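*Asks:* 573 is the number of the first residue of the sequence shown in my numbering; add one for each residue after it.
Watch out, some of these pointers could steer you wrong.
Claimed, not checked - Quick list of in silico lysine-lysine cross-link-like pairs, DSS-like style, CA-CA up to 27 Å: (1) Lys669 with Lys642; (2) Lys669 with Lys705; (3) Lys603 with Lys642; (4) Lys678 with Lys642; (5) Lys705 with Lys642.
Claimed, not checked - Derived Cβ-Cβ restraints for the label pairs, each shown as a range: (6) Phe608 with Pro631: 35 to 43 Å; (7) Ser728 with Ser766: 24 to 32 Å; (8) Ile670 with Ile745: 35 to 43 Å.
Simulated from the structure, these hints should not be mistaken for lab results.
Quick caveat: nothing in here was measured; it's all calculated off a predicted structure.
Built from N, CA and C at the ideal position, the CB exists for glycine as well.
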Amino acid sequence: YQYILNSRFSFRIWLSKSTVTVGELPGELEKTIALFIITFFLIYSAFISMMLVCVEGCPPVELRALLTFKASLIDGWDNLLNSWEDCCVRSGVGCDKIESGGHVTKLDLSDLGISSVSDMSWSSLIGSLSRMKHLSLSSCNLSASTFPVSLTNLSSLVFLDLSDNEISGSLPISIGNLSALTDLYLGHNELSGSLPLSFAELSALTGCD
Numbered sequence: 573y574q575y576i577l578n579s580r581f582s583f584r585i586w587l588s589k590s591t592v593t594v595g596e597l598p599g600e601l602e603k604t605i606a607l608f609i610i611t612f613f614l615i616y617s618a619f620i621s622m623m624l625v626c627v628e629g630c631p632p633v634e635l636r637a638l639l640t641f642k643a644s645l646i647d648g649w650d651n652l653l654n655s656w657e658d659c660c661v662r663s664g665v666g667c668d669k670i671e672s673g674g675h676v677t678k679l680d681l682s683d684l685g686i687s688s689v690s691d692m693s694w695s696s697l698i699g700s701l702s703r704m705k706h707l708s709l710s711s712c713n714l715s716a717s718t719f720p721v722s723l724t725n726l727s728s729l730v731f732l733d734l735s736d737n738e739i740s741g742s743l744p745i746s747i748g749n750l751s752a753l754t755d756l757y758l759g760h761n762e763l764s765g766s767l768p769l770s771f772a773e774l775s776a777l778t779g780c781d
């Protein structure tokens, strides 16, 4: 905000690209009006900023699930997720628009060594984030014992990356529940066996490795 008083006691207030001009006025009245307008827009800007922070928040149940999951991580890794204290304004987490509920729709935990996370913790997290569309768990040291079968309950998933882990065995039959998937990445694991017949249910799949 900037205002200029010239010798004819006229001033202008610049707000972005807009210019408001007030004509000749007595000096004190002119300054009072200028101060009022500037104060108004400062308060308005602060209010808008506060509202933007509020609309980025996710539902309480999803926030609790994220923080509970964070608490289950071994010391060291959870320090990388300190930003999770602010729902949706955090590293690796994305939410939909407030008009759609502000739900968590993206979770990226790539390159975090989270092999210590129990199946119960995974199940609790996934059960609370039913609107998830994008999930990346590449290079997380996941093994057969920690691979969350409950992952296949995320029927809204369109992107799933489990590459560069230590997942062994065959894909579960329930993989067919992920019918909305367009991208599935399973490379550099220890998977074996044939694909389950339910894999044919992934008719939207366009990218697979």
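*Asks:* If a hint holds in the structure, say so; if it does not, say that too.
*Replies:* Taking the hints in turn, this is what the structure says about them:
1. Lys669 with Lys642: Holds. Lys669 to Lys642 sits at ~24 Å (cutoff 27 Å).
2. Lys669 with Lys705: holds, 14 Å
3. Lys603 with Lys642: violated, 53 Å
4. Lys678 with Lys642: Holds. Lys678 to Lys642 sits at ~16 Å (cutoff 27 Å).
5. Lys705 with Lys642: holds, 20 Å
6. Phe608 with Pro631: 35 to 43 Å: The hinted range 35 to 43 Å holds for Phe608 and Pro631, with Cβ atoms some 40 Å apart.
7. Ser728 with Ser766: 24 to 32 Å: holds, 27 Å
8. Ile670 with Ile745: 35 to 43 Å: holds, 37 Å
Hint violations for this structure: number 3 only, all remaining hints satisfied.
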